[in-house]
Amino acid sequence: MPRGGFTFSSLISMHRFVRFARFARLSRSARRACRTSFAGLALTSVVLSGCGSDSATGLRPFTGPALSVVGKGSMTARYMAEVWTRGNIAYTSTWGTRSANGVLAVGNAVHIWRINGAAPVLADSLIVENATTLGDIQVSDDGTLLVVATERQNGSIVIYGLTDPLKPTRITRYQTANTTNGVHTAEVARVNGTLYAFLSVDPPNARLVIVDLTDPANPREVLTRIMGSPFIHDVYVRDGLLFTALWNDGTTIWDIGGGGKGGSPSNPVQIGNVRTAAWSASAGGIFAHNVRWFQDATGGANAKRFMFVGEEAPGAGSVLNSSNGDIHVVDIADMAAPKEVAFYHVDGAGTHNFSVDEQRGILYAAYYNAGVRAIDIRGDLSSCSADQKSADGRCDLRKMGRQLAGGLQSNGDVFVWGVHFDGNYLYASDMYQGLWKLAAADR
Amino acid sequence: MSGRDSSDRASASVRIQAIGLVSRVDPAVGGRTLTEGYLAQPIIMARGSVLGGAVSGILTLDFEGLTLDRGQLTPGAYGEGYVDRRHPHTYLHEGLAVFSGAFRRTGVSLAGGKGFAAFGTDDPMMRPFASYPANHHLAQILERYVIVGAVRRGRFIAEASVFNGDEPLGPGVPPDASRFGDSWSLRGTLAAPFGLELQGSYASVASPELVTGDGLDQRKWSAAARLDRPAGPVRYALVEWATTDAMSGDVLTNRFTSFLAEASADVKPVTLALRYESTTRPEEERLLDPFRTSRSPTDLSIIGVTRWQTVTGAVSTSHRLGTLDLFPFAEVAYSRPNETLTPSAFVPEDFYGASSLWMLSAGVRVGFGPRHQRMGRYGVAMPNATSGAHAAVGHSGH
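Sequence lines, in order, name chains A and B.
For the first sequence, my numbering gives the first residue as 136, with consecutive numbering after it.
For the second sequence, my numbering gives the first residue as 30, with consecutive numbering after it.
Don't read these hints as lab results, they were simulated from the structure.
Computed from a predicted model, the values in this text were never measured in an experiment.
Virtual Cβ for every residue (Gly too), placed ideally from N, Cα, C.
Take these hints with a grain of salt, some might be off.
Said to hold, decoys possible - Restraint ranges, calculated between C-beta atoms of paired labels, are given here: (1) Leu281/B with Ala521/A: 30 to 40 Å; (2) Ser233/B with Ala352/A: 44 to 54 Å; (3) Val393/B with Lys302/A: 57 to 67 Å; (4) Ser520/A with Ser233/B: 37 to 47 Å.
Please build the complete structure, drawing on both the sequences and the hints.
In structure tokens, the structure reads:
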């Protein structure tokens with residue numbers, strides 16, 4: 136059977152199609168689709184069906200100080216996902232299926248980059264067999280282990296040794312009945328000296344699985360607990376406290392050894408829960424996606440007072456095309472009664488993962504189609520003037536002048552999944568283009 | 030097989046049918062051509078009534094779960110974890126009790142069980158093509174626990190239904206009974222003269238894809254004109270428009286639309302059928318099997334929207350072999366998929382390795398027993414019922 140052998144003869148002139156498409160604010164490809172429609176039938180269908188949905192996101196050009204680009208390591212064979220750095224090495228994961236000319240490249244690769252130069256240089260890569268998405272990646276605090284989550288089918292974590300950071304060696308792949316739905320995120324953290332992996336596992340029966348990595352060749356499950364509505368998405372662990380982002384169930388704080396409630400990784404005890412506001416009152420959910428407890432290195436009354444919750448709401452379009460969702464600032468001075476006090480909003484874009492410069496009090500947020508944003512989070516974020524408040528009484532960080540800088544929004548099609556600040560530079564994992572190296576924001 | 034008691038107050042009939050076919054798709058995925066054979070749509074349909082039709086039962090068993098687990102190659106098809114392959118339906122396709130009556134000149138009926146919500150058009154299984162259109166999940170709502178109330182006065186029919194929003198998880202998995210009533214629909218129909226029928230319908234469907242709830246809801250509209258005549262060169266035609274809005278609360282995230290026109294005509298000794306479809310499809314992340322997507326989508330699972338424009342032509346003949354109906358057929362379909370959003374994580378030409386796809390199918394429909402009427406309407410909601418048998422088995426061929 137021939138390919139593309141069908142000859143189209145449009146019954147109406149091309150420019151009318153284009154005019155109609157422009158009128159309908161259609162995308163470039165949609166207009167192409169219209170031009171290649173099936174003659175008169177297509178015209179009818181176009182009129183009746185509108186020839187596709189509009190993808191306008193409402194994202195405005197960024198005005199303000201820019202995070203300057205130091206360099207870029209290009210990756211267009213696969214879609215990029217998360218990024219983690221240690222020393223002069225960056226590790227990035229990959230997501231979904233990218234295709235070109237019928238050749239499909241699934242997100243089963245870990246890329247290893249040298250980042251000591253201006254532009255990240257791809258040094259090596261690992262392939263995880265029987266995987267299609269590696270959503271999360273992290274190096275343990277002692278630099279000995281690299282932990283990679285595998286999602287969708289065959290959910291697991293893959294643990295590598297980093298004796299040679301440029302040549303990770305696989306120690307084991309941990310997959311059980313409790314992980315097989317897909318490990319969406321994997322946080323590696325130490326609790327009272329013991330290293331654990333905290334796995335957020337996909338539905339059905341979405342659950343948190345905690346695994347003791349004391350013997351990384353033989354990970355040992357210490358907890359599995361169903362939570363989240365409809366799923367648990369991510370966690371943050373610090374000082375014996377566990378913070379869980381539970382989508383429409385909000386964000387919960389648990390004692391797992393540092394909260395004085397008798398909790399442990401094998402028996403988390405709930406301290407408090409907060410349901411942050413949605414970016415839109417009619418959004419249909421609160422989409423608690425990720426969480427970070429900021430501890431200001433300079434100390435002060437507000438040093439450990441604020442928790443940041445990322446909201447990942449559906450955009451008007453699709454992934455890699457649009458996004459929605461705010462950054463929510465939660466006062467956790469009373470962890471039993473956390474309260475949202477402030478937020479940061481970008482029209483036409485939504486936030487994703489965070490990285491924090493605690494020395495200078497700057498939160499860097501991946502912002503998908505809006506690139507990267509840097510926000511001043513030092514001081515009392517709950518105190519603002521009346522004209523800096525939203526109608527519901529929360530402080531608007533933008534109106535408070537706390538937006539320090541933005542980056543990458545004007546660098547072509549970008550969709551920034553993750554950021555990692557290494558103390559000097561900010562690394563941004565752009566799903567479309569690769570790994571960006573950016574200068575830190577000025578205060 | 031059919032029977033009727035001497036008092037003419039009870040009747041029953043059973044029909045068994047299936048399609049054996051071979052399909053070749055070029056390219057199916059990643060530039061690869063695939064040729065496969067199937068036993069598709071193996072079903073048993075039983076209908077019975079007592080008390081002069083006041084109480085009736087409908088049972089349709091579908092055994093595709095046994096014969097079509099990998100799905101049937103169909104470019105553009107999607108739903109229930111399958112993509113570019115049509116998914117198998119549930120073993121209990123329909124199982125309902127229907128109570129019908131009349132008050133003065135107004136007919137009323139109430140149907141309850143598992144089956145179709147009062148929305149959209151007829152099941153593609155009962156239409157003149159072996160291949161399903163891409164718009165199946167835009168134009169019908171089926172295999173739900175449902176209660177459908179219908180009122181008919183003269184040529185006008187009004188229906189309302191409540192049902193569970195969750196789509197089936199697999200052929201043997203029942204709907205989540207706890208979700209019954211979270212979704213509803215309305216349909217109005219005008220049974221016009223000369224076999225013409227006009228319908229418009231609306232449905233509010235809660236979280237169909239995330240069965241535990243909290244997924245995107247759907248608001249669906251459908252409008253269609255259908256022609257079904259017992260005689261004449263063009264005996265069946267359908268023109269339908271359907272749209273589905275994927276909603277996060279009251280925020281519209283995506284709109285999927287479909288326009289479809291199909292007709293069949295007898296040109297002795299064959300029956301010819303032609304279908305044109307332009308349908309937008311959500312794209313989701315594919316699994317290791319590129320024809321599958323996750324049934325438990327997390328985050329933002331729609332990675333693109335593709336408009337599928339497909340022309341399908343079919344030719345068939347009709348034969349009798351003892352008690353069997355035989356309808357040998359051949360179908361050819363030509364599709365052009367294009368992304369409607371840019372940038373997009375799913376670019377059809379890159380994914381398939383071609384800008385257009387061909388599908389060629391040949392096989393035979395086999396049936397035993399009296400042909401049944403249409404599928405997807407119950408009780409007094411069945412317009413033009415006397416001629417419905419024409420389309421009930423697909424090609425007319427008679």
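A quick look at each hint next to the structure:
no. : hint                               : in the structure
1   : Leu281/B with Ala521/A: 30 to 40 Å : holds (33 Å)
2   : Ser233/B with Ala352/A: 44 to 54 Å : holds (52 Å)
3   : Val393/B with Lys302/A: 57 to 67 Å : holds (59 Å)
4   : Ser520/A with Ser233/B: 37 to 47 Å : holds (43 Å)
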